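**Student:** Below, each chain spelled out in residue letters.
Number of protein chains: 2
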Amino acid sequence: MEGAALTRRGLLVGIGAAGGAGAMYAAMGALGLAPSEPSEQEKEFVPPRTGDFTLRGKGTAKVVILGAGVAGLTAAYELGKAGYDCTLLEARQKAGGRNLTLRGGDRLTELNGPAQDVRFGEGVYFNAGPGRIAPWMVTLDYCRELGVPIETFINTNAAAYVHVNDRTVRARTARADMYGYVAELLAKATNVGALDKTLTKDDRERLLEFLRRFGDLGPKHAYEGSDRRGFTKYPAIDIGTPLDAPASLHRVLAAGTGRAITNDFGYEQATPMFQPVGGMDVIVAKLTEAVGKERIRTGVKVTKITNLADGVEITWDGGALKADYCIAALPPHILAKIPHNLGAEVTAALTTPTPIAAGKIGLEYGRRWWELEDRIYGGVTETDLDITHIWYPSHGYHSERGLLVGYYATEGDAELYGALTPQDRRHRALTQGKKIHGEKYRQNLLSSASIAWERQEHIQGGWVRWPAFDSSFTFLQRPAGRVYFAGDWLTHLIAWQAGAMESARGVVTRLHQRVLQSP
Amino acid sequence: MEGAALTRRGLLVGIGAAGGAGAMYAAMGALGLAPSEPSEQEKEFVPPRTGDFTLRGKGTAKVVILGAGVAGLTAAYELGKAGYDCTLLEARQKAGGRNLTLRGGDRLTELNGPAQDVRFGEGVYFNAGPGRIAPWMVTLDYCRELGVPIETFINTNAAAYVHVNDRTVRARTARADMYGYVAELLAKATNVGALDKTLTKDDRERLLEFLRRFGDLGPKHAYEGSDRRGFTKYPAIDIGTPLDAPASLHRVLAAGTGRAITNDFGYEQATPMFQPVGGMDVIVAKLTEAVGKERIRTGVKVTKITNLADGVEITWDGGALKADYCIAALPPHILAKIPHNLGAEVTAALTTPTPIAAGKIGLEYGRRWWELEDRIYGGVTETDLDITHIWYPSHGYHSERGLLVGYYATEGDAELYGALTPQDRRHRALTQGKKIHGEKYRQNLLSSASIAWERQEHIQGGWVRWPAFDSSFTFLQRPAGRVYFAGDWLTHLIAWQAGAMESARGVVTRLHQRVLQSP
Numbered sequence: 001m002e003g004a005a006l007t008r009r010g011l012l013v014g015i016g017a018a019g020g021a022g023a024m025y026a027a028m029g030a031l032g033l034a035p036s037e038p039s040e041q042e043k044e045f046v047p048p049r050t051g052d053f054t055l056r057g058k059g060t061a062k063v064v065i066l067g068a069g070v071a072g073l074t075a076a077y078e079l080g081k082a083g084y085d086c087t088l089l090e091a092r093q094k095a096g097g098r099n100l101t102l103r104g105g106d107r108l109t110e111l112n113g114p115a116q117d118v119r120f121g122e123g124v125y126f127n128a129g130p131g132r133i134a135p136w137m138v139t140l141d142y143c144r145e146l147g148v149p150i151e152t153f154i155n156t157n158a159a160a161y162v163h164v165n166d167r168t169v170r171a172r173t174a175r176a177d178m179y180g181y182v183a184e185l186l187a188k189a190t191n192v193g194a195l196d197k198t199l200t201k202d203d204r205e206r207l208l209e210f211l212r213r214f215g216d217l218g219p220k221h222a223y224e225g226s227d228r229r230g231f232t233k234y235p236a237i238d239i240g241t242p243l244d245a246p247a248s249l250h251r252v253l254a255a256g257t258g259r260a261i262t263n264d265f266g267y268e269q270a271t272p273m274f275q276p277v278g279g280m281d282v283i284v285a286k287l288t289e290a291v292g293k294e295r296i297r298t299g300v301k302v303t304k305i306t307n308l309a310d311g312v313e314i315t316w317d318g319g320a321l322k323a324d325y326c327i328a329a330l331p332p333h334i335l336a337k338i339p340h341n342l343g344a345e346v347t348a349a350l351t352t353p354t355p356i357a358a359g360k361i362g363l364e365y366g367r368r369w370w371e372l373e374d375r376i377y378g379g380v381t382e383t384d385l386d387i388t389h390i391w392y393p394s395h396g397y398h399s400e401r402g403l404l405v406g407y408y409a410t411e412g413d414a415e416l417y418g419a420l421t422p423q424d425r426r427h428r429a430l431t432q433g434k435k436i437h438g439e440k441y442r443q444n445l446l447s448s449a450s451i452a453w454e455r456q457e458h459i460q461g462g463w464v465r466w467p468a469f470d471s472s473f474t475f476l477q478r479p480a481g482r483v484y485f486a487g488d489w490l491t492h493l494i495a496w497q498a499g500a501m502e503s504a505r506g507v508v509t510r511l512h513q514r515v516l517q518s519p
Numbered sequence: 001m002e003g004a005a006l007t008r009r010g011l012l013v014g015i016g017a018a019g020g021a022g023a024m025y026a027a028m029g030a031l032g033l034a035p036s037e038p039s040e041q042e043k044e045f046v047p048p049r050t051g052d053f054t055l056r057g058k059g060t061a062k063v064v065i066l067g068a069g070v071a072g073l074t075a076a077y078e079l080g081k082a083g084y085d086c087t088l089l090e091a092r093q094k095a096g097g098r099n100l101t102l103r104g105g106d107r108l109t110e111l112n113g114p115a116q117d118v119r120f121g122e123g124v125y126f127n128a129g130p131g132r133i134a135p136w137m138v139t140l141d142y143c144r145e146l147g148v149p150i151e152t153f154i155n156t157n158a159a160a161y162v163h164v165n166d167r168t169v170r171a172r173t174a175r176a177d178m179y180g181y182v183a184e185l186l187a188k189a190t191n192v193g194a195l196d197k198t199l200t201k202d203d204r205e206r207l208l209e210f211l212r213r214f215g216d217l218g219p220k221h222a223y224e225g226s227d228r229r230g231f232t233k234y235p236a237i238d239i240g241t242p243l244d245a246p247a248s249l250h251r252v253l254a255a256g257t258g259r260a261i262t263n264d265f266g267y268e269q270a271t272p273m274f275q276p277v278g279g280m281d282v283i284v285a286k287l288t289e290a291v292g293k294e295r296i297r298t299g300v301k302v303t304k305i306t307n308l309a310d311g312v313e314i315t316w317d318g319g320a321l322k323a324d325y326c327i328a329a330l331p332p333h334i335l336a337k338i339p340h341n342l343g344a345e346v347t348a349a350l351t352t353p354t355p356i357a358a359g360k361i362g363l364e365y366g367r368r369w370w371e372l373e374d375r376i377y378g379g380v381t382e383t384d385l386d387i388t389h390i391w392y393p394s395h396g397y398h399s400e401r402g403l404l405v406g407y408y409a410t411e412g413d414a415e416l417y418g419a420l421t422p423q424d425r426r427h428r429a430l431t432q433g434k435k436i437h438g439e440k441y442r443q444n445l446l447s448s449a450s451i452a453w454e455r456q457e458h459i460q461g462g463w464v465r466w467p468a469f470d471s472s473f474t475f476l477q478r479p480a481g482r483v484y485f486a487g488d489w490l491t492h493l494i495a496w497q498a499g500a501m502e503s504a505r506g507v508v509t510r511l512h513q514r515v516l517q518s519p
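The listed protein sequences derive, respectively, from chains B and A.
Numbering-wise (my numbering), the first sequence opens with residue 1 and increments by one.
Numbering-wise (my numbering), the second sequence opens with residue 1 and increments by one.
Bound conformation, chain B alone:
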């Protein structure tokens, strides 16, 4: 009987691989394996809304998940839907990992630094970790499935500033000038015949037509400035007051605005982007609710991972737990430090990626001067200062208070800020932001909170970088005995929640196939 079941299961996995989950499930029914009338206890978890990812076939194994960050929560959520009995062990005091939203009343501690009491007003929040979601990312599918309402995160704003080489200019102006001169130069080269070997006569005409449009060129293909640069006073009853004429080609090239104005060209940052209404951690709250709060044990610092022939044993200070399988969803550099019997190759692979420092500061103001005076509604000011960016809030428009992200720094800049006291971080961020926004940047400030992810206990980094996506990366995609690994760090979506979710989906799919195959 056991042998027969094994064969059937093997067959099912084959059908699943070839025909997809639907085919596998249909075959299970035909083979009499699908429960026809499940008892109340056996009923599959029904997600809040239909998801497009579902494990088919019921799993009955017990799974312990290390880390209740987004990868761990997603794994528990998907396994729970398929009938698994999951327990999450989380070293920190709350679930979510880097998906952390700070609000008034929160207390933020860090390694080697003073604690911060967050004093933001009612309704004000600071997404200290991830803050935006691209529409192609699986994160949006989870928002849909879990009923997390979303709204636009404005990642590109023509009215935001570019601050490079000590000069501040609106993004629209920097872009109009670069595009204008690029168009003029290419039109000139085309017209003097420099590209005649490359371009047919038709090509040339089409190219010139595009360049006139692209650069808003004058009749002789010269860039003479353009409405697109913006106005001192925008058109109304009169035609408006344009800005001063653009600087020379030489000065525009020397201004160095190129990085800033191409920042949203990539597939990860292209407009539009999205955010959950009310804070990024609404995703954590909804995942937690769906998984079952009682399955998440916080404050549990694992001291040992033991792979056994018939299961896995997890030990911590004052307790231990045995399960059929383990999913280790911790940052690799944290996981590497936990004693285990998974072999030296696992440890070597886990220590291959390097943690990267990342930090942010939330600056809460009592007046949304960026909307009232600068007409900046959401978006990002790009700088070559150590603050790198200033993010303006994409929600709560026209309300009394608002929170800017005063720096979002990585690597060296993040370490610089991270090494300061919270007070000194704020002081430095304000000094830098003042270069762009003037004295008002220091006025009306109500409170602030800053995070240095490399100083967050049990996380110790914003994300990791692999020297190459080679053997170590591939090696950890496979389980070590009964221990699977999951996290954004095992994907090509590092530093995105979507990576954690994709990794979790991959792991639970493979774990589930194994369970279905097991005797």
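Quick caveat, the hints were computed from the structure, so don't treat them as lab data.
Worth double-checking, as some hints may not be accurate.
Copies of the same chain are indistinguishable here, so a pair counts whether it falls within one copy or spans any two.
No more than 20 Å apart at the CA atoms, straight line, and that leaves these computed lysine to any residue pairs for SDA-like [stated by the list, open to error]:
{"no.": "1", "residue 1": "337", "residue 2": "354"}
{"no.": "2", "residue 1": "81", "residue 2": "205"}
{"no.": "3", "residue 1": "286", "residue 2": "399"}
{"no.": "4", "residue 1": "201", "residue 2": "248"}
{"no.": "5", "residue 1": "58", "residue 2": "389"}
{"no.": "6", "residue 1": "201", "residue 2": "109"}
{"no.": "7", "residue 1": "188", "residue 2": "205"}
{"no.": "8", "residue 1": "233", "residue 2": "469"}
Bear in mind that the values here come from a model prediction, so they are computed numbers and not experimental data.
Fit chain A to the given chain B structure using the hints.
**Tutor:** Below, chain A without anything else, positioned relative to chain B:
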């Protein structure tokens, strides 16, 4: 005593012009003109929130406003704040003019066409008139002042399509390819020395650095495609499946995507843009509430405007009204048809601008397939078809139903759709949209409603075009006797609500100055 008051008033206007409204108001207090303890009735209207535009000094004149569109409502609102007694006469059955939002239960009639009963589901709306607001526009100030909540209108979406010359491609792909080849061509011209007379060595290096970034060029400054084009399968655990390689330079130029990918370059259309939460007519509702519903008389078709020595008389079928001043806030071609004694020059000026046809269709679907399958969350697909654009909704993400704007056509295309029955408009719009989205564009359709603005009674046009902003335009900025003119058509913001609001502000400022100066 009257003479003394006149002198004081003249002085006040002088102070106001020189020192602003605050100085004028302070001077009024000093001169004993500002009421120290106004009676309940005399109290100035207090706007819901502080606005940045306020008439100072109390006006007591009676003003009749023709047309309760955005210009008329704004004029009444601002005059009401300053103490004027305003009456609005509106020929249509409701206020708002072109600011029209259609919802289930509405009935839309048009000239020479069948009525449409709007059957949209709960919460679904169609902004049949204006749909988006640029952040620099005064419309946002009124949203703030009136307490109209706003949200992002996504005007640029890398995931939306460009459909030109019978080919459909994602906007991100069209843009990456054009930018890539433009960068390659200019790099080539630069490297062969074609621009050596224009560029210094430093310029050349900076330009090449920018071009590598701008076009995502390969090491030899060649465009070889790029991640920015998008993926068949986006990166996850694996690196993703890129799209096929880009077409040749020749084919990319011939594709003709230039207009589509530069559509958001202007100051009016640049990202981000905004919309009121719940429909554009929330602005109308809040203005109506602030003005006082009882001041708006709908269904009143004015038959005569008579300028008198001491006032103005407005006549309609079955009634007449006398006031101190009139603000005619109707479309010029409608106003020109109403008999008046304002002189032939006024009629000539009013008939100078030409009304432009404009039309839209709202297509309500029972499934948001554009989000679920195309991963298009808001934004606009640009086409060279007669539908011109498809707008995807920038709200209600992930909900069950949703409404697309299936065409937003102007001039000839609008006339083409306008001449069809509502059923045929829908049929044509679906046939066109299917070229982009396939058969699903016709499936799941629940209902539709279409508008041809040139067929809307008492409006008869989407907006107007001036042959030139010359003497007629300037002439109508001034009153004809006691009759003032207001509307977007008297500004450089034609077809924008901001134009109507700016015009209204201008008119009430001049009218108020005159009242303060009058004996």
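**Student:** Determine for every hint whether it applies to the structure shown.
**Tutor:** Taking the hints in turn, this is what the structure says about them:
no. : hint      : verdict
1   : 337 / 354 : within (14 Å within a copy, 76 Å between copies)
2   : 81 / 205  : neither (59 Å within a copy, 57 Å between copies)
3   : 286 / 399 : between (27 Å within a copy, 17 Å between copies)
4   : 201 / 248 : between (31 Å within a copy, 16 Å between copies)
5   : 58 / 389  : neither (47 Å within a copy, 47 Å between copies)
6   : 201 / 109 : neither (66 Å within a copy, 52 Å between copies)
7   : 188 / 205 : both (13 Å within a copy, 18 Å between copies)
8   : 233 / 469 : between (52 Å within a copy, 19 Å between copies)
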